[in-house]
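Visitor: From first to last, the protein sequence lines are chains A and B.
Counting in the numbering used here, the final residue of the first sequence is number 381, and the numbers go up one at a time with none missing.
Counting in the numbering used here, the final residue of the second sequence is number 398, and the numbers go up one at a time with none missing.
Do not take every clue at face value.
PhoX-like cross-link-like pairs, simulated, lysine-lysine; straight-line CA separation at most 20 Å [unchecked claim]:
hint, chain 1, residue 1, chain 2, residue 2
1, B, Lys285, B, Lys255
2, A, Lys324, B, Lys285
3, B, Lys31, B, Lys45
4, B, Lys255, A, Lys275
Calculated from the structure, these hints are not laboratory results.
Each chain, written out:
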Amino acid sequence: MDFNFSETQTMLRESLARFLRERYDFDTRQKMLASPGGRDPAVWQAFAQELGILGAPFPEAMGGLGGGHVENMVIMEELGRAIAVEPYLDTCVVGGAALMRAGGAMAEALVPAIVRGEVIIGFAWAEPKSRWNPARIATRAVADGAGWRLDGHKSVVIAAPYATHLLVTARTSGEPGDAHGVSLFLIESSAPGVVRTDYPTVDGWMASEVRFDGLRVGPQALLEPEGEALPWVEELLDRAAAATCAEAAGAMRRLHELTLDYARQRVQFGQPIAKFQVIQHRLVDMLMEVEQAVSMTYQATLRLDLPAPERARAVSQAKAKIAKGARFLGQAAIQIHGGIGITQELAAGHYFKRLTMLESRYGDQDHHLARLEAQLLAEAA
Amino acid sequence: MDLSFSPEELAFRDEVRTFIAENYPPELRGKQDMGEELAKEDYLKWHRILYAKGWVAPSWPKEYGGPGWTATQRYIFSEELARADTVMILPFGINMVGPVIYTFGTLEQKARFLPRILSGEDWWCQGYSEPGAGSDLASLRTRAERVGDHYIVNGQKTWTTLAQHADWGFFLVRTDPTAKPQEGISFLLIDMKSPGITVRPIITLDGGHEVNEVWLENVKVPVENRVYEENKGWTCAKFLLAHERTGIAGVARSKRGIERLKEIARLEVDGDGRPLIANPFFRRKIVDLECDLTALEFTELRTLAGEAAGRGPGPESSLLKIKGTEIQQRITELVLEAAGHYAAPYFRAFPEGSNEYPIGPAYAHRAAPTYFNMRKTSIYGGSNEIQRNIIAKLVLGI
Numbered sequence: 001m002d003f004n005f006s007e008t009q010t011m012l013r014e015s016l017a018r019f020l021r022e023r024y025d026f027d028t029r030q031k032m033l034a035s036p037g038g039r040d041p042a043v044w045q046a047f048a049q050e051l052g053i054l055g056a057p058f059p060e061a062m063g064g065l066g067g068g069h070v071e072n073m074v075i076m077e078e079l080g081r082a083i084a085v086e087p088y089l090d091t092c093v094v095g096g097a098a099l100m101r102a103g104g105a106m107a108e109a110l111v112p113a114i115v116r117g118e119v120i121i122g123f124a125w126a127e128p129k130s131r132w133n134p135a136r137i138a139t140r141a142v143a144d145g146a147g148w149r150l151d152g153h154k155s156v157v158i159a160a161p162y163a164t165h166l167l168v169t170a171r172t173s174g175e176p177g178d179a180h181g182v183s184l185f186l187i188e189s190s191a192p193g194v195v196r197t198d199y200p201t202v203d204g205w206m207a208s209e210v211r212f213d214g215l216r217v218g219p220q221a222l223l224e225p226e227g228e229a230l231p232w233v234e235e236l237l238d239r240a241a242a243a244t245c246a247e248a249a250g251a252m253r254r255l256h257e258l259t260l261d262y263a264r265q266r267v268q269f270g271q272p273i274a275k276f277q278v279i280q281h282r283l284v285d286m287l288m289e290v291e292q293a294v295s296m297t298y299q300a301t302l303r304l305d306l307p308a309p310e311r312a313r314a315v316s317q318a319k320a321k322i323a324k325g326a327r328f329l330g331q332a333a334i335q336i337h338g339g340i341g342i343t344q345e346l347a348a349g350h351y352f353k354r355l356t357m358l359e360s361r362y363g364d365q366d367h368h369l370a371r372l373e374a375q376l377l378a379e380a381a
Numbered sequence: 001m002d003l004s005f006s007p008e009e010l011a012f013r014d015e016v017r018t019f020i021a022e023n024y025p026p027e028l029r030g031k032q033d034m035g036e037e038l039a040k041e042d043y044l045k046w047h048r049i050l051y052a053k054g055w056v057a058p059s060w061p062k063e064y065g066g067p068g069w070t071a072t073q074r075y076i077f078s079e080e081l082a083r084a085d086t087v088m089i090l091p092f093g094i095n096m097v098g099p100v101i102y103t104f105g106t107l108e109q110k111a112r113f114l115p116r117i118l119s120g121e122d123w124w125c126q127g128y129s130e131p132g133a134g135s136d137l138a139s140l141r142t143r144a145e146r147v148g149d150h151y152i153v154n155g156q157k158t159w160t161t162l163a164q165h166a167d168w169g170f171f172l173v174r175t176d177p178t179a180k181p182q183e184g185i186s187f188l189l190i191d192m193k194s195p196g197i198t199v200r201p202i203i204t205l206d207g208g209h210e211v212n213e214v215w216l217e218n219v220k221v222p223v224e225n226r227v228y229e230e231n232k233g234w235t236c237a238k239f240l241l242a243h244e245r246t247g248i249a250g251v252a253r254s255k256r257g258i259e260r261l262k263e264i265a266r267l268e269v270d271g272d273g274r275p276l277i278a279n280p281f282f283r284r285k286i287v288d289l290e291c292d293l294t295a296l297e298f299t300e301l302r303t304l305a306g307e308a309a310g311r312g313p314g315p316e317s318s319l320l321k322i323k324g325t326e327i328q329q330r331i332t333e334l335v336l337e338a339a340g341h342y343a344a345p346y347f348r349a350f351p352e353g354s355n356e357y358p359i360g361p362a363y364a365h366r367a368a369p370t371y372f373n374m375r376k377t378s379i380y381g382g383s384n385e386i387q388r389n390i391i392a393k394l395v396l397g398i
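Extracted from the complex, chain A is given alone in its bound form (with noise of 0.2 Å):
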């Protein structure tokens, strides 16, 4: 057992920090998020020229750095604490882990390029009326020659305005909630037969519906074997959840360390209100929702190559707890910062709004929660 960070690591996630800190502070993250696109594509250029982090996940010879699950969680932490719009989770811990699985020409061309910033990728999974579950879709794939052609509504992809590409889960054959007859395609987002609708979202990102009108795609989008997508999409699924809890377990930090600077300097009653005790347990309460995240992350990122269950097991009991720690440290801060919390103005509502969102992304705690009692009726049986 070993809980030290390789220098490697630690000298990733110090130099994605410096980055952040100079180039992404606060104010310059607003101006970003106003400007057209509502993001600054240089960051990502960034990314990948100058901090070469794009590869982190990556093959040395896909042009990587050679890491795994461990970078990744680095990275989003780091991603956290800055509440970054940027797609890193969507491109390089979902969409080029599916293209390294996938192999072939295919991968071989697009790995690369996401580790120069060329390709940018969404996850197209969630549908109107799947909610967190990913074989109850209704989007369908039929053949259509040599390949396939798609029809159907995904929900709310982030990133999708400005991808190059997108992940996308549609049933070859099924009904909605069928754990066979899920497939997996990766197709361009320029393709005719694309229809995207854009929009903000309430905390800083951009997002689409996405319809797809008779989309015609060739054999080589489809990933997996036909039909038999849903086991790896549920393991990209957790993935992609443990990624999301380093996320907040990142912004969380940040945003407890906001609240007691605030506290240290908000006077009222003729003393700083961190002097007292009411609010001094509270800041304590949060301070340990914070330790158990960053605790849940680790555990939850370090068995994401168990077999199925084991895996399955860590990433609900991580995401349950960091969804619940999650809500209880963004309402105490905004509790904390009085009546400037709930304005635009100060960085604190804004990490508020994203954990509130990362609550519930890849699965709140109700979905995790009955995920795990599934597990333990299956052991009690």
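Knowing the structure of chain A, use the given hints to seat chain B on it.
Guide: Below, chain B without anything else, positioned relative to chain A:
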């Protein structure tokens, strides 16, 4: 970062597991299964077996008789003890006064006391709290006056756990009443057979005799029984409390407790006739509790990794104490809920000539008393509110 055990660590785990299986006294197992109260000799039996093996003090440095294990080995050892549900090693000698003596004591004190702590020859108790000094421990008033080469001690201690069995006690006493509260305290080792000591039982809500009042009237204590400098006892007291708190997380024991809870929830049924474990409300409480336990476990592992890297147990141990005791208490709440009707019958002991209770399932008997008893955990060792004060001051700096 890596969670897996090395082949050597796996071999160590098997060695520990086999040793426990082959050496744990079956009569203890029987008493535990029936929920019988344990006697002094029961605790000592297992203590001596571990002592003979050299495993009774996992965290002690090798030079004082510890096994010289890594943090991971200590983790494996405590996991295996909990897995086998062994009786606990009483902490007063091994985890409390022992580390104080080998850290602050003289060569003579080490030679005199440490071997007898290890062997179990001396049973220790802790004289900290007083009727007027609970959370505000530094306000303690038990007075020790220096007369030649002795102190004369007068005062009253309370909540002294298992003092009825104790051969020795470690006491915080006031040696300078004019100094600031923390600066006039000394740490004394007192022979419990000294004239002037009276131990009176306090019966707790579960009906058990676990804690006591200890009265000291003109008790003569040789000066050589003072650990560390006169009036510097608070340093020892704080050191001991930080050591005490890490063990207090009780992760491995709580894992075992949740397993037992699940066993009970499989046997009990809800109003719809399904096993309680399948009841949507009850099963959610179980999985939610397990999430909290995993979070505690990995927070403790991070703390242990920090200790292995050279940082002693610091204020982080307060977090482990708060969360660990909350979880221990919640387990007892859920066992109580699961016991249903049969949480109510109360028998102080087995009926004459029987070794079981006449009413209800065995697991239900201890459910309510254990729940009542475990309310102590968020109060002792520095209440959970005091732990929050410690974190606020030492970690947050406010």
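Visitor: For each hint, tell me whether it holds in the structure or not.
Guide: For each hint, the structure was consulted:
{"no.": "1", "hint": "B:Lys285 with B:Lys255", "in the structure": "15 Å, holds"}
{"no.": "2", "hint": "A:Lys324 with B:Lys285", "in the structure": "14 Å, holds"}
{"no.": "3", "hint": "B:Lys31 with B:Lys45", "in the structure": "13 Å, holds"}
{"no.": "4", "hint": "B:Lys255 with A:Lys275", "in the structure": "38 Å, violated"}
The structure fails to meet hint 4 from the earlier list, while all remaining hints are met.
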